[in-house]
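Read top to bottom, the protein sequences are chains X and E. At position 144 of the first sequence the residue is numbered 144 (our numbering), and the sequence of numbers has no breaks. At position 535 of the second sequence the residue is numbered 535 (our numbering), and the sequence of numbers has no breaks.
Keep in mind that the hints are not guaranteed to be accurate.
Stated by the list, open to error - DSSO-like, lysine-lysine: derived pairs with alpha carbons at most 27 Å apart: (1) E:K189 <-> E:K280; (2) E:K513 <-> E:K378; (3) E:K176 <-> X:K48; (4) X:K96 <-> X:K210; (5) X:K163 <-> X:K210; (6) E:K162 <-> X:K171.
To be verified - Quick partial rundown of chain E residues pointing at chain X, CB under 7 Å, derived from the structure: (7) A56; (8) D137; (9) L153; (10) A233; (11) E235.
In short, the hints are calculated from the structure, not lab data. Please read these numbers as outputs of a predicted model, since none were measured by experiment. The beta carbon of each residue, even a glycine, is placed where N, CA and C say it ideally should be.
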Amino acid sequence: MGIRIWRLFRRPSERSFEVALLACALALVCGIPASAFADDVRGEIQFKPDRLGAPPERNRGFVERIENPLRPVQTLNPRPYMVVVLEGGPVDEEAKKPPGTIQSYELRGESFEQPLFPVVVGTRVKLVNRSARARVLLTPDEPELVDSVSLNPRGEHEVKVEKAHQTILIKAQDTNHLEGRLLGLADRYHALVDERGRFEIAKVPEGTWKLRVWYRDGWLTGVEQSVEVGKKRVDVQLTITPDKVRGTKPQE
Amino acid sequence: MFLSKIWFFLVAVAGATALTIALLLPRPSERQRAADEQQRITTACDVVNILLRTNARSRIDLAGKFARAEQDLASILGPEGKNQTISEDGAKNGRKAAAELLESTTGTKPSFIILVDIQGRVVARVGMQSDALAERDTLAGYYLVDDALDGYLRDDLWIIDKELYLVAASPVIGTKYAGAIIIGHRMDKALAEQLVKPLGVDVNFYADGQLMIGTSTASVHKDVGARYARVSAAESPLAEDCHTFEPFRVQLGDEAYAAQIGRLPGEAGERGGFFAVYTKSAPSLGVMGTLDTAKQEDLSFANFPWITLGIGFVLTVAVGMLLMILESDRPLRRLASVAVKVAKDEQDRFDEEAHRGKFGSIARSVNIRLDKMEREAKAKKTDLDDLLGPPSASALPLAGPGTPARPAKPPPPSEFKFTSGPARAETSPPPPPLPLTPTRAHTPPPVPPVPVTPIAAAGSAPAVPPPLADPPDSEEDEVVFRRVFQEFLQTKKECGESTSNLTYEQFASKLRKNRESLRAKHGCEEVRFQVYVKDGKAALKATPVKDA
């Protein structure tokens, strides 16, 4: 029997039909509504104009920083601080559930593995110290969550993200630059943006969605796009002007 | 004494002024010194800031030089940036290259060199044994590292394991950005001393509310920390702190320090980093302290106006002595001399006009007393005085035998009058003496008998004459007395005075008493009586005659 099924997938032309057929069968068996048929939403965030200018001077030593004479300096890249979120679509209950496993948010030396770590509300996140020195972490805005917790190398501390659309700022006690952010979201229909601006949200139910962008501590105002998710993969091109990035505000 | 008093007042004013100046002079001097001290500490703070900036520029240059060194760091860091993890070979090559760079450094060698790939991960490090900044750790996140990976050369201050590091970084560039090199100089005591050695001050570096490193063990940290807390939020540029903030004084036991602070930039500054420049203040001297600090050469003739001071002193003393001699000593000697003469009876009384001021008062007072004593002595002769006028022996020149009596001088205001009436001697000079000088050899002419009538003082009520108890007179005396009596009667009549109460016995008795009194007083043998008219009334004067 197994061999016969395998043979059904020998030719690609036959394979799509068979897969669709099998999926319908499974859906009927599992009782999933036909409207929940999902596909990926992919996209890319672009800035117009593309160059955002020099990165801000966050602090200064005794002398002003100097551009190297060999190559143009890098431009500001806010994309790693962005999370693309789909809202307003047919969200199934399963998507609102936090994952069954504990998520890890790793501290690697003087920064976290990523500056913004989005999770579904209710997710348990363990802060893991992957650096070689001990750190004392705290959440200054919510002291009851992480209150000067000392993390030795390879040490862990578990927190639970309770609130949606709110970041939890995590800082180290003895440095000013080290910080990370936990972002609580209502469901799993969101994705981090990589350094080139690309993102992908898997298995989005069919329907009309509104795409929004969370940047650092709040939504990018005026940056929204309607997305029709159908039976085919959706590609989204989102263009943002630099002034939108600078004008971010936390959601009220 | 007036001028002496003025002089001593002026001397006292000059002395008080000198003392005031002596007490006051150290204060402006101390204020000036404090101002100089503040200026000096401000300048020192400024210089430290400038040296730190210059040092930062040098470190940036060194990091840039390392990034472009022949060790070709880009070829080491570039591939590692693409790997999931740092390879052992990459770390080994990186350590070797960093060690060579460290060795090649002339001058002050960095405390550490760290090579990071484009992801900010530590590929290799040399010169540091701390757990911090370990290999394979991510240093991305440090503002300095992020900026270096973005293509900037810059400096910063890091606090690693409670030590302050002056850090600089440069991007490592091959065909594209490959990573960065970070060098760090630990701020140790030698480096701190190097900063302030030419300034003659101390410097301490603070962060996280505690001392990081300093050139002195003076525990001024609490006061300095309190000062920093007051100015830490100032919005002025850090480079202007030394001029913006007021220098201040720190008291540490008996010692005071002038201090100034400047905020540190970078990550250390965000953790309350600052430096304090301070120097020990000279103690407050005051007058005695100023004298204690005087040196031998300060009192030399070249530096001190000894001659002027000496001349001034001598002049002051001389003027004071002169005024004392003129106003006190000489008048006193003159008064004493007169007093001796009065005591020796060479002079009747003090010449009040010859003495001034208090001495004149003394003379007047003594004269008054003398006059009073004389009045008291004469009080017993009131009867005769009433009748005959006073025997002005002391006021008249003693006429020797054959010497014509000179007219008496007008008596001074305090002189006791011997006249019988209120007439004043100066209004009517006495007449020339009558040629009635009784002498023992002289035989007086016969005197007609005088009727005896009761005697009464002029203007007084008639009184019963007392019985005569006088010794009997010689014939010569009797003759003289009767003649004088006759002349006196005649003169009184001529003056229109009453003679009804005048009897020869009373008249003769008074003459005898008067004569005896003058004899006792002047030691003369003979007394001459003269009748004269005074103020229109008959008067009688007795004059002692010295023996020939």
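Right, here's what the structure says about each hint:
1. E:K189 <-> E:K280: holds, 19 Å
2. E:K513 <-> E:K378: Cα-Cα ~12 Å, so holds.
3. E:K176 <-> X:K48: Answer holds: K176 (chain E) to K48 (chain X) is near 24 Å, not above 27 Å.
4. X:K96 <-> X:K210: holds, 17 Å
5. X:K163 <-> X:K210: Holds. K163 (chain X) to K210 (chain X) sits at ~21 Å (cutoff 27 Å).
6. E:K162 <-> X:K171: holds, 19 Å
7. A56: holds, 4 Å
8. D137: It holds, given that the least Cβ distance between D137 (chain E) and chain X is near 3 Å, below 7 Å.
9. L153: Holds, because the Cβ-Cβ distance from L153 (chain E) to chain X comes to roughly 5 Å (cut-off 7 Å).
10. A233: Constraint on A233 (chain E) not satisfied, violated at 16 Å.
11. E235: Because about 15 Å separates E235 (chain E) from the closest Cβ in chain X, which is outside the 7 Å limit, the hint is violated.
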